[in-house]
Amino acid sequence: MEKKLLLGDEAVALGALHAGLSGVYAYPGTPSTEITEYIQASPLARERGIHSRWCTNEKTAMEAALGMSYMGKRALVCMKHVGLNVCADPFVNSAMTGVNGGVVVLVADDPSMHSSQDEQDSRFYGRFAMIPTLEPSSQQEAYDMMDFAFDYSERQCLPVLMRFTTRMAHSRAVVEVKAEPRPENPLNHNAVAANWVLLPANARRRNDTVTAQQPQLEEDAAQSPFNSLSLPGKAPLGVIASGIAYNYVCESGLQVPLLKVSQYPLPRRLVRQMLESCERVMVVEEGQPFIEEQVRGVSDNPNILGRLTGQLPRTGELTPDCVRTALRQATANQPTQADTPTFAPSPIVAPRPPQLCQGCGHRDVYTALNEVLREFDTPRVFGDIGCYTLGFLPPYRAIHSCVDMGASITMAKGAADAGQWPAVAIIGDSTFTHSGMTGLLDAINENADITVIISDNLTTAMTGGQDSAGTNKFEAICRGLGVSEEHLHVVVPLPKNMPEITRIIRQEINYHGVSVIIPRRECIQTFKRHAKEKKLKG
Amino acid sequence: MKCDIILCGVGGQGILSIATIIGEAAMNENLYIKQAEVHGMSQRGGDVQSNLRISSQPIASDLIPRGGADVIISMEPMEALRYLPYLSPDGWVITSSAPFVNIPNYPDIEQVKAELAQLPHVVMLDIEQMAKDHQVPRSANVILLGAAQHALGIDYDKLEAAVRRVFARKGDAVVEANVKALALGREG
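Chains G and D are the protein sequences, given in the same order.
As numbered in the numbering used here, the first sequence has no gaps in its residue numbers, which increase by one up to the final residue, 545.
As numbered in the numbering used here, the second sequence has no gaps in its residue numbers, which increase by one up to the final residue, 834.
It is worth saying that the hints were derived from the structure and are not from the lab.
Please note: incorrect hints may appear among the correct ones.
[Stated by the list, open to error] Listed next, the in silico DSS-like pairs over lysine-lysine satisfying Cα-Cα at most 27 Å (straight line):
| hint | chain 1 | residue 1 | chain 2 | residue 2 |
| --- | --- | --- | --- | --- |
| 1 | G | K542 | D | K816 |
| 2 | G | K542 | D | K778 |
| 3 | G | K544 | D | K826 |
| 4 | D | K826 | D | K778 |
[Said to hold, decoys possible] Label pairs and their calculated CB-CB ranges:
| hint | chain 1 | residue 1 | chain 2 | residue 2 | range |
| --- | --- | --- | --- | --- | --- |
| 5 | D | R811 | G | A186 | 17 to 25 Å |
| 6 | D | S702 | G | K185 | 19 to 27 Å |
| 7 | D | H767 | G | E9 | 36 to 44 Å |
C-beta atoms are modelled at their ideal positions from N, C-alpha and C, and glycine is treated no differently.
Generate coordinates for the entire structure from the input sequences, incorporating the hints supplied.
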C-alpha cells in the first residue's frame with residue numbers, strides 16, 4: 008500500500024490503470040479532463056503503451072472503447088455530463104451489445120453549472136439504458152470502485168456507468184493505492200457477432216436478456232460493499248444519502264439511521280427497510296432528485312423529504328450548510344433558523360467574472376467582427392462552446408446564442424433559411440472538429456447564406472490546452488467539404504491586421520453563400536507554456 | 647489538530663501552489679487532507695478559491711461549512727472579503743494588500759483595507775512589493791504562506807521542508823528563492 012494525494016479525477020485514472028486498463032478514450036470537458044491527462048502523464052501507461060490520445064468527440068471515444076472491449080481488453084471512456092448526450096447513441100446501445108472486455112463510462116456531472124450549460128444528472132441515463140451505475144462518495148472509493156467496476160462489467164457483460172460531480176472530480180484527498188497493478192487482458196476473439204450486430208432479431212434477444220438481468224443487478228446493489236444501511240431501530244427520521252452528499256450528512260455530526268447509496272439500480276429492498284423503521288425519510292443527493300422521485304413514486308408520500316419538498320434546494324449544488332440546516336429542521340420537527348455566521352458578506356465585494364485573457368486572439372476576432380457588424384441593422388452571431396463564449400460579456404457583447412457543441416453553424420444556417428442576414432457563426436477549432444463539420448456540410452449542400460468564423464487557437468483552450476484534433480487540417484477539411492477556394496480565408500488575429508480582417512469579413516458577409524474565415528493564432532496560455540518549456544530546455 | 651483553510655485570489659495568482667505546499671507538509675505528517683479546487687472557466691481572470699482541510703481525524707466534507715474556516719489566505723484584498731461568511735469567529739485572515747483590478751467596478755481600495763482592518767485577526771502584507779524588494783519576484787505567494795504559518799498549526803521547519811520538496815524539480819535557485827520567501831513572510 009502506498010498513500011497518494013489525488014484529485015477524484017486522478018483517483019479514477021489510477022484506479023483504472025491498476026485494474027489493467029488498456030485504453031482511455033475521451034474528449035476534454037470540465038470537470039473530467041484531468042482523468043485522461045493523468046493517464047497521459049503516467050509512467051505505467053507509457054510503459055504499457057496504454058491508449059490515451061484525445062478523441063475528436065465523446066461519440067468517437069465511446070465507439071473506440073467498444074472496439075477495444077470487443078477484442079477483450081478493458082477500456083475507460085471519460086466525459087462531462089453533456090458529453091454523454093453526444094455519445095448517447097453508442098452508450099445506450101452498448102447495453103444491447105454488451106461487452107467482452109470491461110467498459111467503464113465515467114461521467115462527471117456539474118451541478119450549479121460551474122463550467123456547463125445545464126445540470127443534467129447522468130444517473131437517469133444509467134437507469135434508462137439499464138446500465139449499472141456507481142457513485143463514489145470519496146476519492147478512496149473512486150479508486151477502489153474502478154477495480155470492482157471492470158470486474159463487474161465483465162461478469163455482467165454490461166458496461167458500467169460511474170457518475171460523480173465537480174466537487175469530487177476536483178477535490179484532493181489521501182488515497183491508499185495498490186502496490187502492484189493488475190496485468191492487462193490479453194486480446195481475444197470471444198465477442199459473439201450475434202450480440203454485436205444489432206439487427207432487430209438480435210437486439211430483441213439482447214433486450215430480453217438485459218431486461219431479465221435487472222432484478223439481479225438491483226440485488227447486487229443491495230449487497231454491494233459500497234452501499235450500507237445503518238438502522239439501529241425505530242426512529243423519527245432516517246436519511247438516504249448518495250455519493251458526495253453522504254459526506255455532508257456525516258459532516259453535520261447528527262446521528263440518524265442512514266442508507267448510503269453508491270451503487271444502482273436503487274436497492275429498493277433497503278429503502279423499504281428504512282421506510283418501515285423511520286417515520287420520515289430525507290433523501291440527500293447531489294444533482295436532480297433521482298432517488299427521491301423513485302422513493303416517492305406517485306403517492307406524494309408526505310413523509311419523504313428532500314429537494315422536491317423544499318427542505319433542500321430544488322436546484323444547484325448541495326453544501327454542508329444546507330444539508331446541516333435541513334437535517335436539524337427535520338430532526339427538531341420544526342423550523343429552525345439557519346446558522347448565521349459571525350461575519351456577514353461584505354457589501355463592497357464586486358463580482359469578478361471570468362474573461363478572455365489579455366492578448367487572446369479571440370479578442371481581436373470580436374473587435375473586428377463588431378466593427379463590421381455595426382454597419383448592419385440586425386446582424387445575428389451564433390456562438391459556440393469555448394473560451395470565446397465569453398464574447399457574450401462586456402466589452403464585446405458579440406454573440407447571440409450558445410447552445411451546444413457545433414450549434415453555431417447549424418443555427419446560423421437555420422436562421423439564414425428563415426431569412427436572416429447577416430447570419431454569422433463563430434466556432435473554435437476543437438469544437439469545429441468535435442461537432443461542427445457535419446453542420447458545415449449541410450450548409451454547403453444548400454449553399455446557405457452564412458459566414459463561418461473558425462477561430463483557431465491551435466488547442467482546446469478552455470479545458471487547459473489539450474491537443475485539438477484538427478490542427479493543421481482546417482483548410483483541407485473545409486475544401487474537402489466543398490467550401491470554394493475564393494470564400495476560404497486565413498487571417499492572423501492581431502490588432503495590426505485589423506484593416507485586412509474587417510475587409511474580409513465585410514466582403515464575405517456580402518457574398519450570399521457559405522464562406523469560411525479562419526483567424527489563426529496560438530492561444531496565449533499555451534504560447535506562454537511553450538515558451539517556458541523551451542527556455543527550460545535551453 | 648484541525649485546520650480549515652480557504653485559499654483565494656484571482657485566476658492565475660498561484661493559490662494552488664500554496665495548497666500544494668501545505669498539502670505536502672500535511673501529508674508528510676500523516677494528517678488527513680481534503681482540498682477542493684476550482685478548475686475550468688473561472689480560471690480565466692475570475693475569482694478562484696480552494697477549500698483546504700487538514701486534520702488528525704478523518705474529514706467528511708470536501709467543502710468547509712460557513713463559519714468554519716480557521717484561516718483565509720488571500721492573494722488579493724477584495725477576494726479575502728468575499729469569503730468572510732466562511733471565517734470562524736476566531737479565524738485569521740492573511741492577505742495581500744495589493745489590489746488586482748481587472749473589473750471596472752472594483753471598490754475603493756482604502757475602503758477594502760478598512761473593512762479588513764476591522765477583523766479581529768488580520769495580517770495584510772504588500773507581498774508583491776516585498777517579493778520585488780528581495781529579488782524573489784515569482785514567490786509572492788510563498789511570502790503569503792510564510793505569513794500564514796503561525797495560523798496553520800504546522801511547524802515552520804516542516805513547512806520549509808515541504809517547500810524544498812515541492813520545488814525540488816525546478817532546481818536549487820528556485821528552491822532557495824522560495825525558502826527565502828517563506829522566511830520573509832514569517833518576519834512580516
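Okay, the hints, checked on the actual structure:
Using a Cα cut-off of 27 Å, the hinted pair K542 of chain G and K816 of chain D holds, with the two alpha carbons roughly 12 Å apart. For the hint linking K542 of chain G to K778 of chain D, the alpha-carbon distance of about 22 Å falls within 27 Å, and the restraint holds. For the suggested pair K544 of chain G and K826 of chain D, the alpha carbons sit about 26 Å apart, so the restraint of at most 27 Å is met. As the CA atoms of K826 of chain D and K778 of chain D are separated by approximately 13 Å, the hinted pair is consistent with the 27 Å bound.
Roughly 22 Å separates the CB atoms of R811 of chain D and A186 of chain G, a value that falls within the hinted 17 to 25 Å. For S702 of chain D and K185 of chain G, the Cβ-Cβ distance of about 26 Å falls inside the hinted range of 19 to 27 Å, so the restraint holds. Checked against the hint of 36 to 44 Å, the C-beta distance between H767 of chain D and E9 of chain G comes to roughly 38 Å, which is consistent with it.
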